[in-house]
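K.L.:
What follows is each chain in one-letter form.
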Amino acid sequence: MRAFIEFKDVSFSYDVEDAQPVPVLQHFDLAIAQGDFVAILGHNGSGKSTVAKLCNGIEIPQSGDVTVNGMNTKEEENLLEIRRHVGMVFQNPDNQIVATIVEDDVAFGPENLGVEPAEIRRRVDQALRDVGMYDLRFSEPHKLSGGQKQRVAIAGVIAMQPACIVLDEPTAMLDPRGRKDVMKTVQMLNRDFGITVLYITHFMEEAAKANRVVVMDKGRILLDGTPREVFQHDDALRAAGLEVPQATELSLLLKRDGVPLSGSILTIEELSRQLEELLS
Amino acid sequence: MKKGTEDVLLNNTPILSTEDLTYIYQKGTNSEVTAIQDVSVDILQGELVGIIGHTGSGKSTLIEHFNALKKGTSGRVLLDGSDIWADKSKIRSVRFRVGVCFQYPEYQLFEETVAKDIAFGPKNMGLSEEEVNRRVTDALTYVGLSQSYAEKSPFDLSGGEKRRVAIAGIMAMEPQVLVLDEPCAGLDPKGRATVLQMIASYRAKTGCTVLLVSHSMEDVAAIADRILVMNRAHVAFFDTVDAVFSHAEELQEMGLDIPRITQLMLSLREKGIDVPANLYTVQQAYDALRPRLKGGSRHAQ
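Chains as they are written, first to last, in the working numbering: chain X, 1 to 280; chain Z, 1 to 301.
Calculated from the structure, these hints are not laboratory results. Just so you know, not all the hints are guaranteed correct.
With a Cα cut of at most 35 Å, we get these calculated DSBU-like pairs of lysine-lysine [claimed, not checked]: (1) X:Lys255 <-> Z:Lys294; (2) X:Lys143 <-> Z:Lys88; (3) X:Lys53 <-> Z:Lys116; (4) X:Lys143 <-> Z:Lys27; (5) X:Lys209 <-> X:Lys180; (6) X:Lys184 <-> X:Lys218; (7) X:Lys255 <-> Z:Lys190; (8) Z:Lys27 <-> X:Lys180; (9) Z:Lys2 <-> X:Lys209; (10) X:Lys53 <-> Z:Lys152; (11) X:Lys143 <-> Z:Lys71; (12) Z:Lys190 <-> X:Lys184; (13) X:Lys218 <-> Z:Lys27; (14) Z:Lys271 <-> X:Lys180.
Extracted from the complex, chain Z is given alone in its bound form (with noise of 0.2 Å):
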């Protein structure tokens, strides 16, 4: 378990719940489509989820009913403890308190500065005007800009740095829950660290609770605390990192995989080398094997 997975896990208030949500598209017509059913979960207060699952599972349209853009079939959504369907006046600070962040986020910015477009939502929510530019200059620091870049319009700016803006603009809102869909898609590898970097750094200054929707294993398995399983409508596992990545047989099943250091791992630990299988980083995997390997100093050779 990495460090401070522990201490979350053991303050155990959730944040965000679902009981028995059930969505299905199309419903009374023959193309029914079940998207998620009977889905149960407690995302607890600073943890950061990852959420897997094959195309199709059911994760985008589960993650829209965190903010109520999506009303389930049946089964509710509760946040901090309240329905948040119950008062429908209040369905607009549901969305301020639980940031949703979708894929390519970048082809929604729209204003002339950088400084405006991260400002959109704060303004939104009627902040004063100093409140604001105090969030702007937080929400840039999160994302790693320099403040430089204020004045400067989005669409001038790279692939990787629009898509720090675009992320920066729902940190603006200073969301209880943040949720990214796929946030690295697309990206370079240097761009996928930069943006991986940001959402740990954002969590760990904040302690706001991230859920983070990838179809990277690897991603998943450097920064979560735990891992949600979707397939096929249902949660498969919901459960901590080492916990999900022991079912390799089972991921390969539903399309999706396990960190290819793990496939290391566990492809020596069937040749009868006792090595640990939760490993999930190459820095992991040379820390565990390189006191095990002969060849000693750089000199040796």
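Chain X on its own, in the form it takes in the complex (with noise of 0.2 Å):
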């Protein structure tokens, strides 16, 4: 599969008053595929959002270069272009919501890129119908939950129609519904209709829904692999300030004591039908 974006020996790093500057990414090399869903873990400072304000040319990188769909981010021309394909979705609701009325909200996107009322109308409704809040339309934004909101940046980002969605901890502040919604919602517009997806996360067991999971350590890549492949490095993931999904950690603990379960499991519902068979 072709790559959508590709960073190649990117080095990147922010500027401090009266010192060094601090390196966050050194020679790091990444390509997403198209119609992939990538999960990125590492631990706070890794270089994780670093990597998703490269990806639409908010942040350029100082050395190395960053191709989106075959456009560089360091082209000033392509920006407009670049930003089209990737939309970008924040930890917090709150600094991302600009409307009083959530349908405006979802419309400020395409109005932007000069869409054509029409369309925009036709784009917003579908958008709020994809991410479930079409009959919540003419509420306003704060008064929605947390995972509400973050469900409307969303459809703010689809009504764009971008070729890809990167996502920076959009679950960190929300409840345990909010969540499992915003995942689901996610999971749907990478599956129906095949959007790119970069989601950065502090939790294993989202990461685990992805197909490919890239582990940061110290701006450099520590593993990649498919889910199953990447959580039974659970001592290199603990040593790099991470977890893996409880399923995962008490399967290896029990296995290690010689317990047969077989394969590689993820899920609390894997591990229960493996342990029913055990213990029956």
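Reconstruct the complex from the two isolated chains, following the hints.
P.N.:
The structure is reproduced here in structure tokens:
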């Protein structure tokens, strides 16, 4: 599958007043395939959010190149087109909502792109249906729950019909239902619409739902593979300040004692099924 | 019930209580919203209470009443038996006795050094320089940062360290009740574990009452004595961890959940396997399941 977003030998550091710049990424390479669902894990300060910001030209690498659908983010004239292709959703829903009515907020993006009014109407309605927020289209955003606000933010992004969505810890501030609803929405966008997803999270159970997991540590890639492959490396993950899903953790403990559990286990359901056979 | 919980609950003197506490936003307008209604709870001296509830359930409004940032539309808040609003000149001291650490407290760091930032609260209390210094030293220990951090700029620290400095600033006021609103939000797993560990050890060392607001069922189950569940402005449950998490369906209807390990145990029970339901951590599940599983030693394979 061809790469939709590509990082080639990217180095990036943040400037600090009266001190040496802080390097975040050094000679970093990553290719995200079109239509893939990639989770990025890493401790605070590992460079995850920098990767997100480099994807649509919010930050530009000091050396190396980031390309989106072949367009280099360094070329100023590409930026509008790149941002049309790559939508961003951030952690705090309250910082992303600009309008006083839900549907106006969703219309903000396509309006800025100069989309025809009739087409905006169609896209806004469709986007709100897609995220399950159509019934609340006339609501005031501040009266919504955190999970609902995040789904409005996602609707605002998909109304721009991007090929890719980058979400930076979209569920960090949400309650359990809000977390589930946002994850289901993102999975649906990837599965049904083929939207490429880059999903940054601190929740291992969310990363387990991706097709591919990239683990970052100190600005480089520590592990890269399917969730089943990556989460077998529990010691390496713990050393990097992370963990594995609880079902995986428990199954690894039991396996190491010689309990015959087969395959690599990611979910409570899988573990329950295997334990049922061994215990009954 | 976890070790020590029974002692705390038997020693049942309330330190902080609410009586029919109600708060209505924009009262008298047509956009009135009742954030909390008729909340009556007794928080006991020395207990660690987890507070859970969906977004908008009233958790944050409730804790803003505990240190008098909000005054109930009706009802009372009692601290050590006295109405906190009875004498308005004492409100400031209520804020020293009930320390509230809000979400993302690291955004409120502002001093040049970690020590000065932590000292800000104790200085406002009018304590002597010597006492302020002692508290700064103790607070750094509570949050697991070495004394070498004292002279660093808070802005040079990692996200998790900044969070711990901000929490140390509240602990340094040595409040009788420490309230933490989602102290682990946005932290990586190691950061989360460190902050939880630090709260548990602070509580063990000081005997202080702690209220912990969280969206993580796993975290709350692991460290709380009792859990207060808010749902649509009302108290849905206020009971021991075991009692609260025995209401799986009701919790899910409220937009909440039960810990994942508890889900595993319940699913095994549904399949007719007799395992305890009241387990919450990987270690507890391992200890319960391991003796019943064949496979013997590590050499068995």
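K.L.:
None of the hints should be skipped; say for each whether it holds.
P.N.:
Hint-by-hint comparison with the structure:
Our distance criterion of 35 Å between C-alpha atoms is met by Lys255 of chain X and Lys294 of chain Z, whose separation comes to about 11 Å. With a CA separation close to 33 Å, the supplied pair Lys143 of chain X and Lys88 of chain Z stays within the 35 Å bound. Taking the CA atoms of Lys53 of chain X and Lys116 of chain Z, the gap is about 34 Å. The hint holds against a cut of 35 Å. With a C-alpha separation of about 16 Å, the suggested pairing of Lys143 of chain X with Lys27 of chain Z holds against the 35 Å cut-off.
Of the supplied pair hints, the one linking Lys209 of chain X and Lys180 of chain X holds, its CA atoms being roughly 11 Å apart against a limit of 35 Å. A distance of roughly 30 Å separates the Cα atoms of Lys184 of chain X and Lys218 of chain X; the hinted pair therefore holds under the 35 Å criterion. A C-alpha spacing of about 24 Å is found between Lys255 of chain X and Lys190 of chain Z, which places the hinted pair at or below 35 Å, so the restraint holds. For the suggested pair Lys27 of chain Z and Lys180 of chain X, the alpha carbons sit about 34 Å apart, so the restraint of at most 35 Å is met.
In summary, the hint linking Lys2 of chain Z to Lys209 of chain X is supported, as the alpha carbons are separated by about 33 Å, within the 35 Å threshold. Our distance criterion of 35 Å between C-alpha atoms is met by Lys53 of chain X and Lys152 of chain Z, whose separation comes to about 29 Å. Taking the CA atoms of Lys143 of chain X and Lys71 of chain Z, the gap is near 22 Å; set against the 35 Å cutoff, the hint holds. Proximity of Lys190 of chain Z to Lys184 of chain X is assessed by CA-CA distance (about 26 Å); at most 35 Å being required, the pair is judged to hold.
The hinted pair formed by Lys218 of chain X and Lys27 of chain Z fails the criterion: a straight-line CA distance of about 51 Å is larger than 35 Å. A threshold of 35 Å between alpha carbons decides the hint, and for Lys271 of chain Z with Lys180 of chain X the separation of about 25 Å falls inside it, so the pair holds.
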